[in-house]
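Chains A and B, in that order, give the protein sequences.
Residue numbering for the first sequence follows numbering that gives the first Met the number 0, beginning at 0 and increasing consecutively.
Residue numbering for the second sequence follows numbering that gives the first Met the number 0, beginning at 0 and increasing consecutively.
By construction, these hints were calculated from the structure, which means they are not laboratory data.
Some hints here could point you the wrong way.
No more than 25 Å apart at the CA atoms, straight line, and that leaves these computed lysine to any residue pairs for SDA-like [as the list claims (entries may be wrong)]: (1) A:LYS290 to B:SER135; (2) A:LYS161 to B:LEU113; (3) A:LYS184 to B:ASP71.
Predicted, not measured: the structure shown is a model, and the values here were computed from it.
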Amino acid sequence: MDYFLQQLLNALAFGAEYSLVALGLAVVFSIMGLVNFAHGEIIAVSAYTVLFAVALGLQSPLLAILLAVVAAGVVAIAFERVAFRPVRNAPVTTGLLTAFGVSIVVQNLFVLFVSPKPQAVSILNGINQIWFVGPLAISALQVMELVVAAVTIVALVLFLNKSTLGLAMRAASRDFATVRLMGVKANRVIAAAFAISGTLAGIAAVFIIARRGSVTPDMGFSLVLKAFVACVIGGFGSLAGAAAGGMLLGFIEVGLLVALPQEYGGLRDTFTYLLIIALLVYRPEGLLGRKVELGDKEI
Amino acid sequence: MLTIEGLRVSYGAITAVRDVSLSVGEGELVALLGPNGAGKTSTIAAVSGLVPAQAGRILFNGEDVTRVQAEDRIRRGLTVTPEGRRVFANLTVGENLRLGAAIRRDPRGVADDLERFLELFPVLRERYAQPAGTLSGGEQQMLAISRSLMSRPKMLLLDEPSLGLAPQIVARIFDFIGGLKREGLTLLVVEQNAEQALRFADRAYVMSSGTLRYSGPPGDLLDDHGLLKLYIGG
Numbered sequence: 000m001d002y003f004l005q006q007l008l009n010a011l012a013f014g015a016e017y018s019l020v021a022l023g024l025a026v027v028f029s030i031m032g033l034v035n036f037a038h039g040e041i042i043a044v045s046a047y048t049v050l051f052a053v054a055l056g057l058q059s060p061l062l063a064i065l066l067a068v069v070a071a072g073v074v075a076i077a078f079e080r081v082a083f084r085p086v087r088n089a090p091v092t093t094g095l096l097t098a099f100g101v102s103i104v105v106q107n108l109f110v111l112f113v114s115p116k117p118q119a120v121s122i123l124n125g126i127n128q129i130w131f132v133g134p135l136a137i138s139a140l141q142v143m144e145l146v147v148a149a150v151t152i153v154a155l156v157l158f159l160n161k162s163t164l165g166l167a168m169r170a171a172s173r174d175f176a177t178v179r180l181m182g183v184k185a186n187r188v189i190a191a192a193f194a195i196s197g198t199l200a201g202i203a204a205v206f207i208i209a210r211r212g213s214v215t216p217d218m219g220f221s222l223v224l225k226a227f228v229a230c231v232i233g234g235f236g237s238l239a240g241a242a243a244g245g246m247l248l249g250f251i252e253v254g255l256l257v258a259l260p261q262e263y264g265g266l267r268d269t270f271t272y273l274l275i276i277a278l279l280v281y282r283p284e285g286l287l288g289r290k291v292e293l294g295d296k297e298i
Numbered sequence: 000m001l002t003i004e005g006l007r008v009s010y011g012a013i014t015a016v017r018d019v020s021l022s023v024g025e026g027e028l029v030a031l032l033g034p035n036g037a038g039k040t041s042t043i044a045a046v047s048g049l050v051p052a053q054a055g056r057i058l059f060n061g062e063d064v065t066r067v068q069a070e071d072r073i074r075r076g077l078t079v080t081p082e083g084r085r086v087f088a089n090l091t092v093g094e095n096l097r098l099g100a101a102i103r104r105d106p107r108g109v110a111d112d113l114e115r116f117l118e119l120f121p122v123l124r125e126r127y128a129q130p131a132g133t134l135s136g137g138e139q140q141m142l143a144i145s146r147s148l149m150s151r152p153k154m155l156l157l158d159e160p161s162l163g164l165a166p167q168i169v170a171r172i173f174d175f176i177g178g179l180k181r182e183g184l185t186l187l188v189v190e191q192n193a194e195q196a197l198r199f200a201d202r203a204y205v206m207s208s209g210t211l212r213y214s215g216p217p218g219d220l221l222d223d224h225g226l227l228k229l230y231i232g233g
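Take the sequences, apply the hints, and build the full model.
Next comes the structure, spelled out in structure tokens:
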């Protein structure tokens with residue numbers, strides 16, 4: 000029972016992290032049709048900002064958390080201004096290549112000017128404790144990650160349903176031109192999408208730093224691949240799908256870890272992707288995606 | 000209020016609108032008629048700012064808005080109800096109306112206007128919390144026009160409000176448009192349905208193959224069946 004609860008919490012925490020990062024990808028994709036593969040570098044920039052701040056004398060973990068989240072939001076907006084805005088009206092592949100370009104440049108900046116090796120960041124290690132509840136040993140980090148992800152998603156849903164800018168973002172995911180006719184500035188909608196996407200990445204970054212206690216230049220990249228998979232499972236462009244897909248991916252991974260015999264442990268990813276392929280054969284549009292007829296696309 | 004001078008709109012090598020000049024005075028309802036593919040919607044797209052004008056000028060209230068962004072034209076009081084209604088299908092009826100008032104900063108006035116349109120079109124009140132995509136074509140058109148009016152425009156451009164609607168619904172929508180004119184709103188109505196569009200029109204223009212072919216009082220068009228047939232095929 001103890002083991003089962005522990006693995007359940009594992010799955011929920013992994014799922015929450017994938018959901019946060021996948022939502023960041025989906026928010027930008029739903030509006031711009033851009034898969035931002037530089038999303039992982041937003042996480043990296045956030046983490047390195049904390050590293051630099053600590054080197055400069057930052058001691059308060061609370062400030063470090065705030066800094067990580069704000070830095071991620073700011074750098075996401077900066078990526079949009081510098082890299083993505085000039086290619087906004089270019090073909091989709093141009094945006095995709097631009098995103099890979101940003102990703103490679105940022106990773107290599109950290110390799111060149113910091114180090115390719117992991118750098119220790121221990122300021123958030125305090126979050127990573129064990130709580131003892133009766134006979135159970137619970138990871139405080141995982142519980143917090145789950146709670147924070149849930150609160151963040153609720154806040155995002157409220158924003159998208161209640162604020163005018165949120166309404167405009169939802170409308171723009173289907174018909175950007177008509178949103179502009181309402182007087183909502185395209186730049187504002189897109190900047191908001193990147194700011195939200197970056198903030199979500201920054202929240203994820205806090206938990207990643209706390210868990211790993213170190214930062215590396217490529218720390219965000221593999222996570223974004225996972226988040227991409229989560230988006231595909233959930234249905235690309237659907238925010239609810241991204242959140243659900245992230246959670247499902249967490250459950251598949253942890254479930255396989257539990258179910259697979261020890262000697263097949265290395266095949267976990269193989270089985271994960273086999274399951275996902277099976278799902279996509281059954282539902283090509285993903286769990287919550289919309290069917291889009293490519294032959295009848297509105298211009 | 001609106002003056003278009005020598006407008007040209009091209010998509011790549013194809014020119015959709017060639018040297019079109021027209022004007023709409025304050026409080027006027029002007030009909031812009033013509034068959035499918037005449038360049039009417041391209042003219043509206045250039046006036047709304049979604050498509051650039053390759054040549055010519057667009058003046059609104061004496062100000063040259065040719066290079067003004069689409070988002071900023073509505074702030075000057077120039078609002079467009081696009082062809083095909085383009086309601087936000089994934090938003091509720093209420094959210095559509097609220098987004099129509101996105102440029103306004105007077106929450107009380109917005110609430111009053113919202114109440115007015117729900118009073119005027121009870122079906123919008125019934126369907127207030129439903130996605131706009133579930134409305135019928137006529138209901139969507141009522142929503143689209145109400146959404147445009149939520150910005151309190153000085154001038155409204157309506158692109159094919161009759162498109163794909165049953166005749167009695169079309170008549171109802173044009174009754175409403177006639178009412179807007181009586182309230183003093185300036186209107187430019189683009190239509191294929193000449194008979195309905197001319198009911199309340201002060202003046203009319205006829206376009207065909209990207210150029211203006213006729214401009215004058217609507218009476219002449221209605222009397223002279225040959226002229227209407229020639230350009231509109233009705």
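Verification of the hints:
1. A:LYS290 to B:SER135: The given pair, whose Cα atoms are some 21 Å apart, holds under the 25 Å limit.
2. A:LYS161 to B:LEU113: 16 Å, holds
3. A:LYS184 to B:ASP71: 8 Å, holds
Checked against the numbered hints given earlier, the structure satisfies every one of them.
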